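**Q** Protein chains in written order, with the UniProt record's numbering: chain A, 1 to 565; chain B, 1 to 460.
Calculated from the structure, these hints are not laboratory results. Model, not experiment: these values are computed from the prediction. Backbone N, C-alpha and C define an ideal beta-carbon position, used for all residues, glycine too. Where hints are given, some of them may not hold.
Subject to a maximum C-alpha distance of 30 angstroms in a straight line, what follows is the list of computed DSSO-like cross-link-like pairs (lysine-lysine) [to be verified]:
| no. | chain 1 | residue 1 | chain 2 | residue 2 |
| --- | --- | --- | --- | --- |
| 1 | B | LYS208 | B | LYS228 |
| 2 | B | LYS421 | A | LYS225 |
| 3 | B | LYS421 | A | LYS350 |
| 4 | A | LYS218 | B | LYS160 |
Label-pair restraints from in silico Cβ distances [what the hints assert, rightly or not]:
| no. | chain 1 | residue 1 | chain 2 | residue 2 | range |
| --- | --- | --- | --- | --- | --- |
| 5 | B | GLU349 | A | ALA522 | 56 to 62 angstroms |
| 6 | B | SER151 | A | ASP456 | 55 to 61 angstroms |
| 7 | A | ASN227 | B | ASN261 | 41 to 47 angstroms |
| 8 | A | THR454 | B | SER151 | 48 to 54 angstroms |
| 9 | A | LEU222 | B | PRO284 | 46 to 52 angstroms |
| 10 | A | LYS298 | B | GLY221 | 41 to 47 angstroms |
| 11 | A | ASN242 | B | ARG180 | 20 to 26 angstroms |
Each chain, written out:
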Amino acid sequence: MNIRFKPKVFSSLLCLALCFTLHAFGQSDPRGERRVTGTYAIVNATVITAPGKTLEGATILVKNGLVENVGKNISLPPEAQVIKGDSLFIYPGFIDGASSIGISKPADPERPANFDPSNPPDELAGITPWRNALDYYDKNNNQITDWRKVGFTIAQIVPEGGMLPGKSAIVTYGGKESTNILANNTALNARFRNVGGGRGMYPGTQLGIMAKFRDLYKNAELSAKHNRLFASTSGLTRPEINKTLEAFFPVLDKNMPILFEVSNDLETKRAASLQRELGFPLVLAGVSDINYSIDAIKTSNAQVLIGFRLPNDKTANADLEGKTDEMRGRTIRIKEAYQEILEGPAQLEKAGIPFGFTSMGGRSSEMFKNIRLMIENGLSEEAALAALTINNANILGIQKFAGTLEKGKLANMVISTAPIFSEDAQIQHVMADGYLFDYDISKKSKSNGANGKTIDITGIWDYTSDTPAGSSNGTMEIKKEGDSLRGTITYDNPAGSGKASSEMNNITLSGNNLSFTFNVSAGGMSLEVTVAGDVSELDFRGNMSLSDFGSFPLNANKKPNQRNQ
Amino acid sequence: MKKINLILICFLILGGMIANAQTPKGSLLIKNATVLTVTNGTLEETDVLVENGIIKKIGKNLNAANVEVIDATGKYLMPGIIDAHSHVALDAVNEATAPITSEVKMADVVNPYDIGLYRALAGGVTISHAMHGSANAIGGQNITLKHRYGSYNPEDLYMKEAPRTIKFALGENPTRVHGRGNGIQPRTRMGVDAVIRNGFNEALQYKKAWADYEAASKQRGANPVPPKYDSRLETLVDILDGNIIIHCHSYRADEIYALINTCREFGIDNIVFSHVNEGFKVAPELAQYTMGASVFADWWAYKFEVYYSTAYNAAILMENGVITSINSDSGELIRHLYHEAGKAQRYGELDDEQTLALITINPAKQLGIADKVGSIEEGKQADLVIFEGHPLSVYAIPQMTFVDGVKYFDINEDPDDMRLKVSASEALEPIFLKEHEHRCMHGVDFFFTNFGRSLFNHSH
């Protein structure tokens with residue numbers, strides 16, 4: 001087979017090489033930004049080509065964004081930049097099954113003067129399946145950097161919006177020169193919550209959303225039928241072209257799955273029952289309560305994406321002895337519920353359901369910690385790696401060119417200093433789309449309390465935070481009172497103009513890791529905001545997350561005149 | 001003819017068994033109980049044999065091998081209590097965004113983890129009618145639930161053999177939500193009637209459009225264009241065709257009588273009125289034209305339209321031949337519907353059998369399931385409650401509750417914590433002090449500004 005196809009491979013490579021050459025000489029590069037070479041060789045490394053398949057002392061040769069070769073005794077071309085891989089571990093680049101990173105929310109359209117909340121236009125009602133995630137995607141969003149840093153090289157991006165927000169696309173986290181688009185229109189997205197949280201517009205609740213979904217689906221079938229009839233028969237009334245219904249057509253033909261975002265097992269069961277009624281291919285994103293969901297997943301033949309977010313262990317420090325029988329019983333049940341969540345992924349593996357990970361609802365800084373917890377609770381390392389690589393490639397239908405490290409696949413890989421799920425693993429390089437990204441691995445070991453000194457974070461800090469609504473800023477004032485840290489944070493007043501301030505709660509400093517929470521009251525609700533990240537004496541780089549709204553970068557610097565107060 | 005009937009029955013039984021293949025069925029023998037059959041008087045020191053979820057035999061000195069035997073000497077056995085108006089085990093109650101939402105299905109949002117199901121079982125309730133709220137003139141399709149508490153699968157709670165039902169609502173709630181809240185029809189009681197009437201008329205047009213299409217499709221070589229699908233109108237067509245029972249939230253006699261007339265105009269017989277505080281004024285009409293009234297024992301004066309009320313309502317209705325039931329509309333009242341029924345006896349001097357019918361066979365009739373449940377008869381489903389003390393005594397305490405012959409509650413095996421699913425992230429779960437309030441207007445609070453909230457600070 002190889003022999004037969006070699007001329008073809010050669011000619012396409014030649015063609016690619018020519019293109020590259022043309023590009024290289026086609027324009028000047030006054031800022032010197034262009035990389036010297038696109039050919040890399042990582043030699044003498046431990047290469048995990050796919051979950052469970054390891055090559056020791058192997059070399060990977062990458063050229064023009066493709067894995068040119070993997071194995072031993074590979075001759076290296078002179079233009080190759082050689083990276084010594086001794087003691088390094090190379091994994092296929094991670095694939096994010098569903099991501100909202102870099103996605104902004106479309107602006108709400110104006111309500112018309114004669115607005116009827118019982119029958120709103122689709123666009124107002126959160127029914128925008130014709131929208132395309134790419135139109136709302138910023139490939140330069142700085143969160144992408146964070147996710148690439150933990151190993152992600154490809155992501156399926158899903159649009160923001162209401163019950164039918166639009167269609168997904170697949171992107172790579174590669175270099176700046178490319179559009180980084182791998183595929184478009186990869187799934188039709190759906191969810192059980194609508195714009196405005198049920199406020200005064202149809203469909204407002206899960207009751208309405210399920211009914212509306214059925215109606216749209218059945219009318220899409222009828223509309224497709226009308227189109228076919230009209231194309232083949234004369235003398236028929238013309239079909240009314242409706243972009244909402246048209247967006248369903250590839251789903252009706254089973255060429256596109258519906259990606260249903262679910263937040264608990266009852267939503268999983270609701271999506272599964274719609275699937276059984278209507279028969280569309282289904283991907284469930286954000287599956288949780290796994291013990292309670294397995295039957296529904298099996299009967300609907302759904303593909304499964306789970307988040308890696310885990311709840312905090314609320315009873316870790318609970319004093320069982322000092323409690324009444326009733327409270328002890330309740331505490332034990334919370335412990336069991338927590339344990340059940342930790343064991344969920346292992347249960348899926350045991351049930352023989354392949355699953356992938358989605359970043360939705362998770363934080364990049366917690367990913368490895370949480371996956372390690374899942375592994376400690378029964379998930380195999382192979383399954384964990386598969387959930388980051390090959391399973392997601394299969395679910396997204398890109399397994400032909402992604403998901404493993406093999407000759408001819410896209411050059412996406414994660415290069416780590418130790419087995420990837422071990423405690424002391426640090427990611428030294430990530431290669432995405434043939435572009436190499438280097439990471440400083442000295443920092444972590446230094447700040448791991450090696451010098452044993454506690455970082456002094458007291459003082460006044462200026463912070464900025466990037467949210468989809470724009471950049472915002474404020475100050476944090478941290479003081480030491482006895483052994484504990486106290487603080488206040490200011491932010492743009494959500495209820496009007498000017499600044500509001502809140503007490504900072506649960507300020508925890510462990511090593512170089514700082515976290516705290518604060519409460520913002522907006523529209524009669526109290527939202528808890530969690531901030532966590534890496535801190536030094538002078539600067540803080542982290543994320544703030546608002547319960548369900550996502551996670552956004554928050555960086556801060558200590559005011560110079562406030563230092564060492 | 002008899003043979004055909006027999007074959008038919010065999011098929012029906014077989015079909016029924018297949019439909020319920022997944023839910024558990026139990027067998028047991030209850031000995032020496034005072035059996036309150038409801039439809040056939042009180043049988044002293046009587047045994048009831050249950051096989052595979054069905055009451056097989058009622059009599060003296062019954063024996064059975066290999067089944068659990070329960071000694072009920074000195075105790076009372078009554079049919080499982082049925083609540084014809086409930087919102088227990090629902091994740092959402094009101095799709096309050098349109099005056100007609102007949103397309104929505106409460107079956108879609110059943111939450112099998114609701115501890116309210118277990119509390120209901122502890123009060124002897126084996127079936128509840130999980131209803132849409134009262135925000136809309138025509139609300140959603142309800143679901144009749146059997147309290148098979150313990151399953152993670154919402155579908156295991158559905159009483160699949162129960163006919164379809166739908167919620168309607170008259171008066172202050174729909175006019176407040178849509179008229180005053182959103183500035184659309186209906187703003188008055190006339191508007192509510194117009195919304196319902198228009199809905200039915202549109203449904204007739206819809207039915208015709210599809211009938212024309214189906215007829216045209218049968219012509220050879222024809223390629224008719226399919227009409228638009230509309231499950232809202234499709235459901236209204238099913239009501240007009242007699243396939244769905246209406247359960248209508250209502251208080252005032254005038255609006256009840258007006259809807260009776262509208263239904264008669266459209267040939268609809270399958271209607272039950274719920275709450276019906278002024279039902280006593282239109283009792284003969286309710287008896288003649290409807291499937292009855294489902295009322296509160298003594299709950300009123302929580303808003304203007306419910307001031308003209310009486311604790312004699314249930315008795316007056318019943319004595320006038322109205323099929324009458326007493327419902328809870330509440331996760332709290334549902335636990336002691338036998339007390340609520342007892343109040344009707346206290347005021348209206350109904351006899352024991354009439355009073356028990358208020359919470360057993362009569363709600364079963366209103367839900368279209370009286371041939372299967374609601375009384376202790378051979379061949380019926382074994383939904384049973386054992387009481388210490390007569391259930392209409394204030395000292396009555398339910399001891400054991402069975403659904404399909406399976407024991408779901410036993411006062412002697414009743415651990416503190418019966419939750420099926422516990423949150424790992426909320427160490428202390430919220431407690432709602434106002435949980436006992438009616439949930440008919442659940443979820444529509446946000447429609448009201450300060451004006452609405454202070455003027456109507458209640459939720460039913």
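**Q** Now tell me, hint by hint, if it's right for this structure.
**A** Tested hints:
no.	hint	verdict
1	LYS208(B) / LYS228(B)	12 angstroms, holds
2	LYS421(B) / LYS225(A)	45 angstroms, violated
3	LYS421(B) / LYS350(A)	21 angstroms, holds
4	LYS218(A) / LYS160(B)	24 angstroms, holds
5	GLU349(B) / ALA522(A): 56 to 62 angstroms	57 angstroms, holds
6	SER151(B) / ASP456(A): 55 to 61 angstroms	56 angstroms, holds
7	ASN227(A) / ASN261(B): 41 to 47 angstroms	45 angstroms, holds
8	THR454(A) / SER151(B): 48 to 54 angstroms	53 angstroms, holds
9	LEU222(A) / PRO284(B): 46 to 52 angstroms	47 angstroms, holds
10	LYS298(A) / GLY221(B): 41 to 47 angstroms	45 angstroms, holds
11	ASN242(A) / ARG180(B): 20 to 26 angstroms	34 angstroms, violated
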